[in-house]
Amino acid sequence: MQSLQNIGQYFQMQEMWHGIAIDIYDLFVEGILMGEVLLVYKISVENQDKLDSVHERLKNIENAKYDKSRIEDLVFGIKIIKISFIIPDKVDGAMPRLEDEINSIPDITNIENEGMTLL
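Reminder that position 1 of the sequence shown reads as -1 in the working numbering, one-by-one numbering, no gaps.
Derived from the structure by calculation, the hints contain no laboratory data. Please note that a few of the clues may not be correct.
With a straight-line Cα cutoff of 27 Å, these simulated DSS-like cross-link-like pairs (lysine-lysine) come out [unchecked claim]:
no., residue 1, residue 2
1, K40, K57
2, K77, K88
3, K48, K88
4, K80, K57
5, K66, K80
6, K57, K77
7, K88, K66
Estimated spans, in silico, between C-beta atoms of each pair [stated by the list, open to error]:
no., residue 1, residue 2, range
8, K48, K88, 16 to 26 Å
9, G33, G75, 33 to 43 Å
10, E112, F74, 18 to 28 Å
11, F74, L116, 13 to 23 Å
12, D47, D90, 37 to 47 Å
13, V89, D47, 15 to 25 Å
14, F74, E34, 15 to 25 Å
15, E112, E44, 12 to 22 Å
16, F74, P94, 31 to 41 Å
17, L117, P94, 13 to 23 Å
18, E44, R68, 25 to 35 Å
Small disclaimer: the values here were computed from a predicted structure and weren't measured. Note that beta-carbon positions come from the ideal geometry of N, C-alpha and C, so glycine has one too.
Modelling step: build the complete structure from the supplied sequences, incorporating the hints.
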């Protein structure tokens, strides 16, 4: 009789550990424990008069989390936008989707990825 109780306890423990493993997996899938990547871009604008409006549109990108940005002088009065975004590490295609959305903004002539790092 004792061995049947031990077997029952064993299966209860297995069920508990299985439940914990599923909970941890769900956290990864939902992105809670997933890593993030910080991306830094240098963006050139065709019409310098529209620099501020492009800058504001970039802050409202949907495919990434806006981090920070600033407008910098390049040469001869031409300014560029330096901006950083945070995307999930393990989501396939997150970076191309972000870059496609940036390129879809009117008056952007060039985007250059200046760096990326895992957070």
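Hints and how they fare:
| no. | hint | verdict |
| --- | --- | --- |
| 1 | K40 - K57 | holds (14 Å) |
| 2 | K77 - K88 | violated (34 Å) |
| 3 | K48 - K88 | violated (35 Å) |
| 4 | K80 - K57 | holds (11 Å) |
| 5 | K66 - K80 | holds (8 Å) |
| 6 | K57 - K77 | holds (17 Å) |
| 7 | K88 - K66 | holds (22 Å) |
| 8 | K48 - K88: 16 to 26 Å | violated (36 Å) |
| 9 | G33 - G75: 33 to 43 Å | holds (40 Å) |
| 10 | E112 - F74: 18 to 28 Å | holds (21 Å) |
| 11 | F74 - L116: 13 to 23 Å | violated (37 Å) |
| 12 | D47 - D90: 37 to 47 Å | holds (38 Å) |
| 13 | V89 - D47: 15 to 25 Å | violated (36 Å) |
| 14 | F74 - E34: 15 to 25 Å | violated (37 Å) |
| 15 | E112 - E44: 12 to 22 Å | holds (20 Å) |
| 16 | F74 - P94: 31 to 41 Å | holds (33 Å) |
| 17 | L117 - P94: 13 to 23 Å | holds (20 Å) |
| 18 | E44 - R68: 25 to 35 Å | violated (20 Å) |
Hint compliance for this structure: hints 2, 3, 8, 11, 13, 14, 18 are not met, and every other hint is.
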